[in-house]
Amino acid sequence: MANKRVFKVATASAVAASALVAAVPASAASVTYEQAEKQVNVAREAANGLHAEYTKNADYKTKVDIKEANDELNRAKAKIAALSDAKQKAYLSSRIQGTIDTVARANAYNNAVRVGTEILPAAHQAVVKAADVASLKEGNVLLAAKIKQAKETFPKVYGKEMQTSFATMYLTADLEADRKDGHYAAITADRVAEGLKLIAAGKVEEAEVQYKNAEASFKAVKGLATIKEIIAADWTELGKKIEAAKTPKVESVSAINATQAVVTFAGEIGDVAASNFTVDKNVTVIKAEVNASNKKEVTLTFNQSLIDNDTYKVTVDGVKSATGTTMKEAASVEFKYEIAAVKTVQLSKTKFYDGDSILDAVVVKDTNGLVLDNSTLDIEIAATDSAVNPTTGVVTTADAKSFYVEIKVKDGSEVLATTGAVKVDVAPELEVSGFEGLHIGSLTSGSEVTDYETAKKSGELVSSLKVNEDGAVLNLFAKDVDGNIVLLSPVASPLNYKITNLTPTVANVNVVGGQFVINTITTGKAQAKIKVGDLETTVSFDVKANEKIADATLGSNKVSLDTSANGLASSETVSLSLKDQYANAIVYPANVTTSNDTTSVVTYDDGSKLSVKSGNTRVAEATVAADGDVTIALPAQNGVKGSTTVTVEYKDASGKVVFTKSIAVTASDFDSAIAKYDLVLSSQNSVLDADNDANETGVDLDDEVTFVLKQLDKYGNVIGTETLDGSTASITATTSNSKDQGFLDTVAYGTGTGTVALTSDAVLKLVNSGTVKITATVGGVTVDTLDVSYKNTDSVVTKAAVNTSSRTVDLSVLGGTTVSVEELLFGKLNNAGTKYALNPVLTVQDQFGKTMTYDIANGLDLLKNGLQVVPATPVVTNLNNVTEASGNLSLTDDTKAGSVTIVVPAVSTSANADLLAAPVSITVTLVK
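Using mature numbering (1 follows the signal peptide of the UniProt record, and there is no 0), the letters of the sequence shown correspond one by one to residues -28 to -1, 1 to 900.
Don't read these hints as lab results, they were simulated from the structure. Note that the structure is a prediction, hence the values are computed from the model and not measured. One or more hints might be untrue.
Taking lysine to aspartate or glutamate pairs in the EDC-like style, the calculated list, with each CA pair at most 16 Å apart, reads [unchecked claim]:
#	residue 1	residue 2
1	LYS382	GLU425
2	LYS900	ASP782
3	LYS308	ASP350
Have a look at the derived ranges for each label pair, beta carbon to beta carbon [unchecked claim]:
#	residue 1	residue 2	range
4	THR632	ASN802	44 to 52 Å
5	ASN482	GLU378	23 to 31 Å
6	ASN802	SER893	23 to 31 Å
7	GLN819	ALA264	44 to 52 Å
8	GLU110	ALA264	46 to 54 Å
9	GLY527	ALA647	39 to 47 Å
10	ALA264	LYS373	32 to 40 Å
11	SER435	LYS763	21 to 29 Å
12	SER436	SER893	37 to 45 Å
13	ALA204	GLU40	54 to 62 Å
14	GLY443	GLU352	31 to 39 Å
15	ASP252	ASN802	55 to 63 Å
16	GLY443	ASN361	34 to 42 Å
17	GLU110	SER528	49 to 57 Å
Positions of the beta carbon are idealized from the N, C-alpha and C atoms, including for glycine.
Generate coordinates for the entire structure from the input sequences, incorporating the hints supplied.
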């Protein structure tokens, strides 16, 4: 056997050392040097025998008995420790070190045997004998951990040869092969499971990617026959479902009108031709077109009109899916064409441009919802403006204007249906130079461009929405030939629109109520091609997943309970606040069916579960409520002192663990004497925010914070609450910025609590942020302090800005002969009161540099926060062909242009003064 080591009981140097030590006077201790030395030699002999046993006779499978050698070693250590002479003790300690090493190596050998014969085989079998994917994954984790343990244990045995032998015997090629097989089998199972989810959601292409990925990882699995067979079956099933989903399947055919019908397929299809569709009864398909907004639909156009009350058979053959899979056999579907009485007449749009015919927008439907052929109907047009030809319906106009039309469908003198009076807008084509950008979300009516420019400047443009935000407004902006930004809206802008939704399975853009509106379908990148007159652009936006529970925050992760007769804390409740995947607060699911709940598990209506478990119910018991409150209490009987962990776990409806939280619990006897105090927050919010809380709840109700003063014993346990009353026990609040101290109200005291609140005018005036130091005193002595942040997330007027660029005002466009100085500063609305006909030049900015929005519905000089912007009396000077009377400006001679200079000396609000750094002047040119 290599690596032998021969131990001699006494070497020459040892004898010399012994003689040297013997010369030292013997101590009066109970153990003599000779006794200690003798025991050292006995221990060395026992260790030598142990070493010989596991080095000469090692089979790497049988542990050696180290008890005798270890006992002798411990006796030697004890005798050495009992020596009173330091030199004797040091000398024998050095001699015994080799014996210590020998016993340690024997112990390392036994550990290696245990890992190789017990631990590794058990972990190996957990993978080999796994009968389902869950067991396989658990086995994979266990085996990887035990292989790591073996690789750390084997190098600790004595000698390279022995280390190599252990590794060779137990870290075998078969073990490594099964480890790899388990790893790739688990990867394959996950990919197959994901593919099945995707195919169930109709995402065929994505499912196919997972199918191919699974195929690649499955090839790496060489053994594990049982689990391989299970995964293979699931993988095969996925392939069948993908193939079935890719094959076009006709669901229905229905008539649209007398010459068209729509064929609906189960899935999206690729390009089609008229030859893919045949109809009986001498009807021929002359055109087949895939619906751009819904690729499951094909519109067929026929060579002749269908006959009322007749049934037709459409045969579909050779159609390919969007992924290229061709129908395996032809399919036939019947539909009935049936005309009913005229029911409704509508205009498909109310915006028309020079040259458009209103008749093209007339849609007549029967009682079955079929669109009727207008050419077969008697349609009458009446309009309140001569811009519409009553015979042809063609619009002829050089100016934008609004008026009313009525469309009637008649049978002789009988009116079958009417639109009633419908307001229409007409205008000539407006030339635009290019697309500017988009913003998702409602903007202030009439101030959309200003809001867009403000959001763009501050980096707050929104280009995404969540699936549940279906119906959100898509605001589109372009630049006209003069470089001005204009809103592209079916209502507010004289433009022609055509929308082609490029990703209809993700989201669609439609026109609803005079606005572009997004209809969300699922998550992903959405695109739509929008044509505005001659301008065509493709807009993109992201549809994100709806909020879901992703994490939680405990009100406290430590709880102390009192086991003494004082009973100062027999239970404590800990709150659990939920967060979504975007780190925002989210409410708990509905819990109507409470019969499914227990004290330890809440089962919500959506199938998700919140559970709590105590690691040792003799130390503490735990219960959970539907609102997330976890109550931890001493057991009613047979309780013991000690520590345990209460685990809170939330699983979604599929059983997947979303989060796990732990609370450390200690049960011990509290001391009844107060040793110190702890000032803590008792309100949901932990910051002070001066913003308007009128429409907020929970942690967003943050105009004030409330505190309690806890009494602690000498161990730090909470034994009571000090009554904050403003006299014996009180708190004071001091802002880090002394200028903001006036925004703090006087501390208010409740039932043992103290509340620090911001003043009511802070929302309009507070522009700084900082910290409030809360100081608690008892009997005039400071006992604790706590810092709380303060800020104001609402806009505060801090600066006024006047656009000093020279501007030209066309009085005829404003519909009069005058314009007031106030209108020049704050703008003027159109007749409908919905948007600016004249944009304002005076704006104000908040502390974040954002332009604040005027509340034009309630006043052109009124801000959204209710403050009125008040300029000091403007000075009107340098009048050139302009007459001023009581603040109104007009041209002295209408045939000529005029000019005037307006000086704004200062700007303020009732809450904010000195908003202009210096007086500002603007030059205005008037024309008519």
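Go through the numbered hints given earlier and state which of them the structure violates, listing their numbers in rising order. 1, 3, 4, 9, 17
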